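Since each chain sits alone in its own frame, please combine them into the complex, following the hints.
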Amino acid sequence: MSDEFVVVVNDEEQYSVWAAGRELPAGWRASGFSGPRQACLDHIDQVWTDMRPASVRRAAQA
Amino acid sequence: MMSRSEGFVSSVDLDIPLSTDRPDSIAVADASGARITYAQLRDRVARLAAYLRARDIGSETVVALAIAPSANTVVALLGVLAAGAAYLPLDPADPADRLQALIQDAKARLVLTEGTTTVDGVASVSLAAAIEAAPEQSPQPASYQPDSLAYVCYTSGSTGRPKGVGVTRANLAAYLEQVLEVLDPRPGDVFSLVQPFTFDSGGTMVFPALAAGATLWVVPAERAVDAGWLAEHLAGVDYLKITPSHLAALQDAATIPLPRKALLLGGEPSRWAWFTGLAGPGRTVINHYGPTETTVGVAALIGDTAVIEPGRDTPLGPAMRNAVLHLLDDNGDPVPDGEPGEITIGGPQVSRGYLGMPGRTAAVFVPDPFSARPGARLYRTGDRGARRPDGTTEFLGRTDAQVKIRGFRVEPGEVAEVLRGHPAVTDAVVVPWRGGLAGYIRTHEPVEPDDVRAHAAATLPKYLVPDAITALDAFPLTPHGKLDTARLPEPVLPTEDTGPRSSTEEAVARLFADLLGLPQVGSNDGFFALGGHSLLVAKLLSRLRATFEVEIPARQIFEAPTVAGIAAHVDAARTRGGAQLPPVARASRTAPLPASHGQQRLWFLNQLDPTSPLYNTNLGVRALGELDTAVLRECVLDLVARHEVLRTRLVAGQDGLHQVVEPSPVVPFDHVDLSDTPERDREAELRLLIAASTERPFDLTAEVPIRVLTVRLADDEHLLLLTMHHVATEGPSMRILHRELGDLYAARVRGDLPALPEPAAQYADFAVWQRDLLARGAYARQLEFWRERLAGLPARVELRTDLARPDEISPAGDRVRFELSADLTGRLRALAAAEGATLFMILLAGFHLVLAERTAQRDVAVGIPVAFRPRPELEGTVGFFGNTLVLRTDVDRGLGFRALLRQVRAVTLDAIAHRDLPFEALVEEVRPRRRFGDTPLVNVMMMVAEEERPPVVLDEVTLQAEPIDTGTAKAELVALFEVVAGGLTGELEFRTDLFTTEGITPLAARFEQVFTEVLADPDAPIAGIVSADPTLPVPAEEVEVAVDEDYVAPRTDLEAELRALWIDLIGNPDIGVTDHFFDVGGHSLLASRVVAWIGKRYGVTVPLRWCFDSPTVADLALIVLVGQFAADDAAEDLLAQVEADR
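The listed protein sequences derive, respectively, from chains A and B.
Residues in the first sequence are numbered from 1 upward in steps of one, following our numbering.
Residues in the second sequence are numbered from 1 upward in steps of one, following our numbering.
Okay, chain B solo, but in the shape it has when bound (with noise of 0.2 Å):
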């Protein structure tokens, strides 16, 4: 048989296949956050090359890569080839044993590392050591010949010693020639490698993406298997080869996106059914066939270009340009087309052969007198096949005992020879067996299969160990007297008798015995003791993910593979409430940035009532000594600069509220110098100062939400004050702001340029990472968490007031202070430590006891404000990270403290494991109905006094934080606490409107009173210590509010209109033009569309306060019709005729 590539000899000498084209774009990436770039890359393979060279390290040397899957191991394999070496590629994830035995048995001279593996007898040097010690040049140049190796890449031998096979440069060479050709990759492409580089398959991706200058991913075992995962990566890549066992588990596990250019199967036969499945557009499918004996692949078939007859398996695609396909039968004579034959390969890709094993390599690898170049090779591959009349080749299967375990090649003659090398084993045979190995023994003392399993994991990488180990007293044979495989006994897995303990354990035994076949599994029975594989390890993540509603790394499955390691880790998901979140990353700037929930809400009451101050915060800054106030001017700058979220205004779009982050906005400055004002006037012109600046309102839709005052009160005495509307801080950013100002007015003030590091991360960042997030799922338990936990609860704490409880109720506020003594403080510790619980919660409780002098509602809900951030790259965030969780707590009279107390603890430990849901979109979900000024779910908070900033102090000046009073209450009723030298300090916050000072007094004295008793005997009922008063209010009884529970239809044009857009809206058909906009499903988000819609359709401004005060179809509706006719005189005929109407 002839080929067209007859003749070819590489003379492709084999330098780093490495573009030059494009320097900066990256060359290879990996899931750890590796980006390097091909400027990068040649400079850091040269280096490794240099050192190599230093060593004399280059043609016939071998060098051992024991570096797990990454960017890392790119840079080496290519420093060794760039040496004129060859390389190695271990698995540091494998046994010592193999790692060393392989190592010794390649004759590496050096062992290239991560710094963790070393190896007896052998040189290691880590890839970071050996690029850092490079000399600048390197001192030989590289010498090597077509013909020196290139790599050397073991499999399975069936004598139980792995074979290495030695592939040359100019089988590479002719390897890359011809892949390139069918894959025609361009710059910029992105090649996904998903396999091991121990396993030359992944040749495919690595060579012709570097070759070409296209990005490298570099996909580490872990995340192969991680469906979810990988559904994301493989979104963006163009290349992906894959085996398909590999490919179908993932996709029976999550839809798995198919790269865009090329898809390339191999390894294993797969069904001709499900291969023409995964064409598609612009997508090529490629069945791609080669034993690692000659070099990553000799054939392919193209799916779209293949003009076949279908059949069951698809079929091994014809020769590619540097191969020739032959079949032949036992003599080596070519077999006709469609009877079975060997296949043998010719060509330059044949390799060498087995390193250090000549007759081995002599009986396969044999003269090719096919070949017109002289002493040619080809190599008998023992897989068995057939000519089809399409010129394609049909896979009979093999000639000898191999298996394909995963896409790798297994001898279990190799495996079985490992487990005869146990001390008790006579004889062993190893067999395929649900797409793994089962092994059976005979052994001479008795012996646990356990040990024998643990025998062949200590010296096998994971694919060759058998699932099951069984004993046998004699062997089945055949009446010939040979092994009769079909009558071994079917293997027995070992498990425990221990049955499940927890729920969870129960459900994971549940899926694993699902998963594996097996009728039981105990607690501490192992995965892949039990016959689960990598492949299936994507299935567990998937039913776990489906049955839990949580995110499991693979990692921890390797980490963790038993029952009871799988369910805690369930576990502890669930109570973070699920996903191990995600990195924030920079987010596009081009597209439009969402505003978070938190900015929406504030956004909202903002729009609702611009004129108020309440989420005014200030960050005072007290600064003693020389201050260069141009130079403090100029560090403000540089925080605004620093910090988008400082210089961003909030504009509502059609689909939601956007950020718009301005690039050099105008922050307003005011400086007043008041050193020459009496100082008995001094303190008071200051207050007014303050007040003028943190009263005024922020419009967040047309202004940044900083405006800066610097006072002069003295030479050495200024005050700094940043009032921020609290859209861009809180309590975590004031000390971010404190720090970073201090830093930058020592750099400043020095003369030099700042020199703090970017943040890792923006506010705009954190919100699109946080729309994310809840646009897909991730906070889907804790919604459900929190609607049952909030199920049916009272609008409002009813408290008894000192004053009439107006319509609506302004944010003004004032407070009483009291302390708790040393010694109180301490006896609370100290019994709320008894509990296995935290001051702030026996405050809370106490607390309870307080709020029952006002009422004597049992269903109490407090607000407790919190800052967190989520992920660590969010810790030098600067913005709104506050959330408020709701603590509600059954405060039934008949309880003791201490049983009060559990509760309390309880409570606040299940809301803090849900903490990441944003309170908005709670609200969003749960709906109460609203009336302006409320604040919505609590109208009472606690909270415990963030820590004090500290001072900064430098040369000339100290920066101390600065105490700023407001004089308005966040709440109706607020209970603030900060721990001090001598106990504890509080405050009673309290909304002016509803208490005075002289009746919030003896309740804000009623803490040490409650405190004291209940130490004094915590199992007492908590009735004997809380007001008795008949009189005292109770919630209000679900006062239905008499709704109009009959349907009114729209009555006029104008109202079915506005009835429409509701429903649209809301997406609840069911709305009536006299129902209420909150009782019906809106919310204050929707509640804002309305007004941006009526505006457009009718160019009418209604006041977003529509939804509390005119919250039906039909008030609305005439809000519209009286603003259409303002300009009109008869628009006052009008109203009086429309109201006569209704």
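So here's chain A without its partners, still in its complex pose (with noise of 0.2 Å):
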């Protein structure tokens, strides 16, 4: 089990982490944040401040 892990984010911008170097599956891009396993989710603390989906945030805003 590989220890360096990215920061990954999907089309709704929800946020996950993802063993580096795997292939990402389809819908998902690195954010560009990566590290240890705890320390990318600490990060996701810090910038995944609004957890609706992007189409739910979008839709209010409309």
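It should be emphasised that the hints constitute simulated quantities derived from the structure, not laboratory data.
Here the structure is a predicted model, which means the values were calculated and not measured.
The beta carbon of each residue, even a glycine, is placed where N, CA and C say it ideally should be.
Some hints could be false.
Said to hold, decoys possible - Short derived list, chain B residues pointing at chain A, Cβ under 8 Å: (1) G115; (2) T117; (3) R352; (4) F365; (5) G375.
To be verified - Residues from chain A shown here face chain B by an in silico Cβ test under 8 Å; the list is partial: (6) L24; (7) I44; (8) D45; (9) V56.
Dropping the structure here:
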């Protein structure tokens, strides 16, 4: 098990973690942050401030 | 791994999942009696949604529901969904701190309550007020996305903070779609929700029921553990979801009917052998699996279609239509079949994650590499499993410390964190223990473990509170320095030194100790504090029932969970004679309606002597003023229409006596105008008219039990007489009828239609209810009491009569009046009060002294008529609720009056505590040998007059109660008292076949004399007061009536047949043809069945009184023979011949 993880995000702007070096599933992209798993999770705690899916957020603003 | 649901994206725009097919069928019901139709539900839901929309509550707004499980909870959650918002289910029974914490964590904008909960900083409104205040039209239509939040459900979190799982409308729609496919419910099916709304598991019942047009029953927590209640409830249920441990606990306590269509188990593992044993004809048993994070359930093992290898535990079934189950290793790669891996779930039910916890969400909601849908996520459950060859998954436990407590997910870390929050606690660990939790603490200052437990109970729901807290100096560690849970000491539960006090407490304490595995339990120890939990309550209730033969509602266990508290409830229930009586429900009018025990006895007496008016009762009303007799007549018909018992005939059927309610009977009316009769003759004429009505017997089988007479005495004076058979009425009924007559007349005379509400229950409903209770053994304890109390009771009080006792006594009676002064009455009251007794009790004690003038008998039973309605819904019901209590006193001449009074007090209180048992059922049980004309068990009675019916004063007319004297006596000797302004008036009523006015007058005068004497010295032996006449009668020695001890076998076919009939009816095989009917166990109803059987078999009409006159098989055979040949000229000869043969 790899010790290095990347922070990933999908089209709904939902965040997760993914083992570095593994192929990312469709619909996900790397956010640019990487590090040990816990560091990635701590980072997500900082950046994922609005947990509503993007589609719901957009509808609310419309 | 590919799934058949790959690519499914719910396009179901989840509107309220409410069937529209049958607007008038019941959508939601609960144990409080709520019944909400689909039409009503839609209306209330729409109104609540409009209320919420008017406050701009919609998509992505959370509304908390602090409403105890009830039909209203369903209204509330659907209303929130209809507004496009999300609901947060809360349990109002949880500690206020916890409610506050969850409401704040979920950022709820509004709390819907039952009017009692308030939360700091958040607006709250009662559900009823919100629906009431709703605008007619929703100001803004609901706007939401499929991915808008539908509900928030909290689960235990290991860091000490509960996690709010956010489930979307699309998640819920996907679950609903797949579960409907499995359940296939139909309109009219019944779903039972026995799980709290805070447990998402109940979604399996709530949404499919409402989507299908079925009825959803919401069962509150205290009923959900009440095996007795559930056993009845579940008999009518089609779908039930329950945790295996809950069902097993119920099954331990009672025979639990399983649902007719589907039983769903979920929340925790079960044994395979037990699971397979739950199947039954037409019933599917389903093991349903799924974490809250993936919306209620994702896998279903359908018992009867699964072809699987047997194993120890029930496996997790294949994934359902809208879910995919993967078994992954630590790297996220699938493991080979049979290898252990983490159960990981994909598909449209994967929820949003944990509200306000991005990092914790990201840790377990991970990219889904197996899905064709871009951006899809998987949920890593933390459950370990292995794929079996048959495609199911074996559950292997947790990858972390999470445990299941009665189906609830529990992170012991959350509980430990709360314990650490106590100021004295340095560190804490929590481990599963005996179906619950045990906590261990290290402290930096001395603290009572109970304090720490109380601290936990103040913030945690009950299932998270450790059953025991143990303080340790140090936690045991493994060589690697990790906590060694195996070496934690067995928890010690706090018990008090105070031993149990009463014998009931001792027995309850033993039950506690057995159930909880404890050596001893003190009176003030609480069931829950000792480690009891809600599932054990079911067992406790059933053991209480078995031990004490009482029904204790589960609610009382929760309210007073100590040994002493429960013992007090047990004692109260035993004094009441057991059961908390169930409500009287409306009985089906299509099935035959049984007669009540009271009706049965009165019908028997009616058939026995069809010419007797003894049980006629009279409601006399003198109307002073201007009366419209036509309107009055309408009002009487209204009464007959309102009260079924007034138009009920009693007809003997194969299986007992039935009530036949006439829809529109002809009520006999007589009207006589005496206004032209000379005044001096008028009252005499009136007495004749009254006598003509009151002395005419009723045939209860052929007629309705009421007839009406109106007499015009003058322009402004009328008499209304309702003569009714006792079978339809008694004192309280008279008051109801009189009052209603006034209400009806007031309305009708104005030209209005009467607005009286329907009676809450009819007498027939009571009869069915009473039969049902008896059949269920609800009165077993009372029967036992009376059997013991009346064992060896002399046949009657042997009184010195004024006239020779004839063989047969007619009910004809007369009365002698007497009075007790206000001063004497006041002193009697004072003496009674000093002994905690009532005026009634002291009058009865005095009556015993008066009776002692006529008997030397010590063992004296006096009958007390009582009329009481055992349930509040019978308060407005007309009918015969009379019962006779037998008060048996030992009139020991050596006692002082005060001691006699104490004895009478105890006897009376005991009798009242056991007053529910119908007298008739007692007579059947005790089976005294009876003679024609005897009242069974008692020949002496005492009663205190019913309060007078208050006059009804209307504008034009006043309706006054008119006393009617019927010239009969209810027993050989009856003392009646009435409280009047100047003290007491009394009457001695007597049967004129036995007593004379001259003889009774001095007896009546004795009351004043004996009371004056006993008040002078209440402790002097009563021997000094009562007559010492040695010739007074004593009870006839148990004259063994020279019973034919010898068994006589039947000598003819007819005798053999009749004997077989007796054996069949009485259930006693030991019957000879010369044995007395009552001695071998016969009773009145059986006697009438003998008559019916003989009528059918031989075409011979045997008079019912055969059981008194010809009470043996041989005698009966003779009657049949004579009857068969009655038309035959040879009958006399034959009779002579038979007689000669005997």
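Against the structure, the hints come out as follows:
1. Because the smallest distance between the Cβ of G115 of chain B and any Cβ of chain A comes to about 32 Å, over 8 Å, the interface hint for this residue is violated.
2. This hint is violated: T117 of chain B has a C-beta 27 Å from the nearest C-beta of chain A, more than the 8 Å allowed.
3. The interface hint given for R352 of chain B holds, since its Cβ lies 7 Å from the closest Cβ of chain A, which is under the 8 Å cut-off.
4. Look at F365 of chain B: its Cβ gets to within about 6 Å of chain A, closer than 8 Å, so that hint holds up.
5. The beta carbon of G375 of chain B comes within 3 Å of a beta carbon in chain A, closer than 8 Å, and the hint placing it at the interface holds.
6. Look at L24 of chain A: its Cβ gets to within about 7 Å of chain B, closer than 8 Å, so that hint holds up.
7. Because the beta carbon of I44 of chain A sits about 5 Å from the nearest beta carbon in chain B, less than 8 Å, this interface hint is met.
8. The restraint placing D45 of chain A at the interface with chain B holds, with a minimum CB-CB distance near 4 Å, inside the 8 Å limit.
9. Below 8 Å, beta-carbon pairs count as interface contacts, and V56 of chain A has one with chain B at about 5 Å; its hint therefore holds.
Checked against the numbered hints above, the structure violates hints 1, 2; every other hint is satisfied.
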